[in-house]
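Visitor: For the protein sequence lines, the chains are A and B, in the order given. The first sequence runs 1 to 303 under this note's numbering. The second sequence runs 1 to 244 under this note's numbering.
Be careful, since some hints might not be right.
As the list claims (entries may be wrong) - Derived pair list, reagent style DSSO-like, types lysine-lysine, alpha-carbon separation capped at 30 Å: (1) A:LYS224 - B:LYS24; (2) A:LYS155 - B:LYS104; (3) B:LYS178 - B:LYS128; (4) B:LYS104 - A:LYS125; (5) A:LYS215 - B:LYS152; (6) A:LYS244 - B:LYS74; (7) A:LYS189 - A:LYS125; (8) B:LYS101 - A:LYS215; (9) B:LYS152 - A:LYS288; (10) A:LYS215 - B:LYS87; (11) A:LYS161 - B:LYS101; (12) A:LYS58 - A:LYS145; (13) B:LYS74 - A:LYS288; (14) A:LYS155 - B:LYS101; (15) B:LYS87 - B:LYS152; (16) A:LYS288 - B:LYS87; (17) A:LYS46 - A:LYS113; (18) B:LYS101 - A:LYS288; (19) B:LYS24 - A:LYS244; (20) A:LYS117 - A:LYS166; (21) B:LYS101 - A:LYS189; (22) A:LYS73 - A:LYS117.
Everything labelled a hint here was simulated from the structure, so no lab data went into it.
Here are the chains, one letter per residue:
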Amino acid sequence: MKNAKSAEYDLVDHELKKAFADVGIELLKIEEAFGRYAWVRKEIKKRPKEGYFLWVKKQPKMPISSCVTAATKKVSQQMTNLLVVEEGLKVTMLSACSALAKNLCARHYATGKIIVKRGAKLDYKSIHSWGRDDFVEPDYEFYLKKDAKLDYYYKSTSPPKRLNMKTTVYGDKGSSANLNIIANAINSKLETSDVIHLKGDDATGIVRLRLVANKSSNVIAHSKVVAEGAGKGHLDCQGMLIDKDSSITFIPEIVDKNKDAVMSHEASIGRISEYEMNYLRSRGLTEKEVINLIVNGFLGDSL
Amino acid sequence: MQNHAKKVNTTLSIKDLHVSVDDKEVLRGVDLDIGKGEVHALLGPNASGKSTLAYAIMGIPEYKVTKGRIYLNKKDLTKLPPEGRAKTGIALAFQNPPVVKNVKLGDLLNRISNTGLDDGISGEHLLKRELNKGLSGGEKKLSELMQVFSLKPKLIIFDELDSGLDIEKVKTLTSYSKQMLNKENASALVITHNGEILRFLKPEKIHVMINGKIICTSDDWKTVWRTIKRYGYEKCKKCRVRSS
Ligand SMILES: Nc1ncnc2c1ncn2[C@@H]1O[C@H](COP(=O)(O)OP(=O)(O)O)[C@@H](O)[C@H]1O
Ligand SMILES: [Mg+2]
Numbered sequence: 001m002k003n004a005k006s007a008e009y010d011l012v013d014h015e016l017k018k019a020f021a022d023v024g025i026e027l028l029k030i031e032e033a034f035g036r037y038a039w040v041r042k043e044i045k046k047r048p049k050e051g052y053f054l055w056v057k058k059q060p061k062m063p064i065s066s067c068v069t070a071a072t073k074k075v076s077q078q079m080t081n082l083l084v085v086e087e088g089l090k091v092t093m094l095s096a097c098s099a100l101a102k103n104l105c106a107r108h109y110a111t112g113k114i115i116v117k118r119g120a121k122l123d124y125k126s127i128h129s130w131g132r133d134d135f136v137e138p139d140y141e142f143y144l145k146k147d148a149k150l151d152y153y154y155k156s157t158s159p160p161k162r163l164n165m166k167t168t169v170y171g172d173k174g175s176s177a178n179l180n181i182i183a184n185a186i187n188s189k190l191e192t193s194d195v196i197h198l199k200g201d202d203a204t205g206i207v208r209l210r211l212v213a214n215k216s217s218n219v220i221a222h223s224k225v226v227a228e229g230a231g232k233g234h235l236d237c238q239g240m241l242i243d244k245d246s247s248i249t250f251i252p253e254i255v256d257k258n259k260d261a262v263m264s265h266e267a268s269i270g271r272i273s274e275y276e277m278n279y280l281r282s283r284g285l286t287e288k289e290v291i292n293l294i295v296n297g298f299l300g301d302s303l
Numbered sequence: 001m002q003n004h005a006k007k008v009n010t011t012l013s014i015k016d017l018h019v020s021v022d023d024k025e026v027l028r029g030v031d032l033d034i035g036k037g038e039v040h041a042l043l044g045p046n047a048s049g050k051s052t053l054a055y056a057i058m059g060i061p062e063y064k065v066t067k068g069r070i071y072l073n074k075k076d077l078t079k080l081p082p083e084g085r086a087k088t089g090i091a092l093a094f095q096n097p098p099v100v101k102n103v104k105l106g107d108l109l110n111r112i113s114n115t116g117l118d119d120g121i122s123g124e125h126l127l128k129r130e131l132n133k134g135l136s137g138g139e140k141k142l143s144e145l146m147q148v149f150s151l152k153p154k155l156i157i158f159d160e161l162d163s164g165l166d167i168e169k170v171k172t173l174t175s176y177s178k179q180m181l182n183k184e185n186a187s188a189l190v191i192t193h194n195g196e197i198l199r200f201l202k203p204e205k206i207h208v209m210i211n212g213k214i215i216c217t218s219d220d221w222k223t224v225w226r227t228i229k230r231y232g233y234e235k236c237k238k239c240r241v242r243s244s
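Using the sequences and the accompanying hints, generate a full structural model.
Guide: Shown next as structure tokens:
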């Protein structure tokens, strides 16, 4: 059977179920890479417990995938991941993190460092699907070297009880970062914080947030772009508030340290009006169906 | 005045309907019967309560029935929510449909449709558009027709299908609607305050509403419309053609 992946990392609880990579990609347990390479020790500093080391040295033919699953009650994962994409390569990374059941009370901490070298392009798609009592804390840093490009797409289809997510991007000259963070908070507390540092001239950073708060959820999203070079930054924060017991807070922040930088932001929080609701109910949809229809449209069904 | 000799089954039947909005009584005892396959027109000046009647039949929660009953094929709908009434077979083409961002007409039709898209109406170009967003007056009406006919209802209420459209558009939309109604043997209540649409519609019955009451019902839409055009709605109260 032909493999549809160029490399695959599959972890369930703490057990590595699968780890393979085509020629030109080095995939190791992060603990091993830490012992083997001095430069890895420099990048990561603290001795890691579990996670992957992925070093893409040749152009892969297929996407690379990582799948991390929580399967037993009260499991606590502490991932450290390192992904390096060498110069000029184009890589698609598909990352899935999920809980096998809705009631595991799992904890998932992940720190990641992703280095995209000169002129390389990384498409990073991350899908999260958690249980209602889980606690999830991802903290990812992306280093974009000269002219590197990142398209990052995070979607939380089934949110945990608490999501604390940090995303940081450092963009050198001519690099571009597109962050899309999409989540439907249902009975959960969701806090996201993303920062893009436009370090070099002509670096671009765009953040697009699409966040829904439903069923007593609290959403706080802090988005920030800092222009050190003459770059371009834009924050596009859109929320949708569904019920009366939820709240959304947007804190967009643009910091301009270069007179030639172009920075902007927009933020809005919408709702479903009574009139829209009645209109669609008159087409035979229940209130719940109307909310699903509008929310799915708002979040987009791409990917 | 000749009456229809054939006996028709009643599709919609409204008895002594009183409806309040914002604690203000808008409909003050409306009786209305529409037979199977019949098209009725409802005329009346602005603010007489025509849309209120439409919303009350559809079950929009703001429009509270304080007295009276609404039946579709003898089933009492008065306590049903709008989605329940839609499933029973009532559809409303809204006078001013709202913009619903993030929902494409095509996606809604896929979701609600009991039938494929009928090619008798050229609305394909609207399928990718968000509901009513940036649509012209005519496109909004077209979108409404696509939605209500896709539900295959037994009774359709058209609230001011003709408002703001040129006469050619009114003609096209009306003849399409008539054709669809015939095909499904569905009934219709066509609300208007501009009688031009009547020429294309040729309704079986015409009703005039003033001040929350139907004060005139007739089989002869031509005479009623001529009277209104010549003397205004006030004259209706004393009109001789009244035959209900
Ligand atoms: N949602 C509403 N809130 C308050 N008043 C309303 C509402 N809908 C209708 N009305 C009032 O009810 C009366 C009848 O309105 P409507 O049914 O829209 O008349 P028509 O369709 O015949 O022009 C008007 O006085 C109008 O102001
Ligand atoms: Mg009206």
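Visitor: Go through the numbered hints given earlier and state which of them the structure violates, listing their numbers in rising order.
Guide: 1, 5, 6, 22
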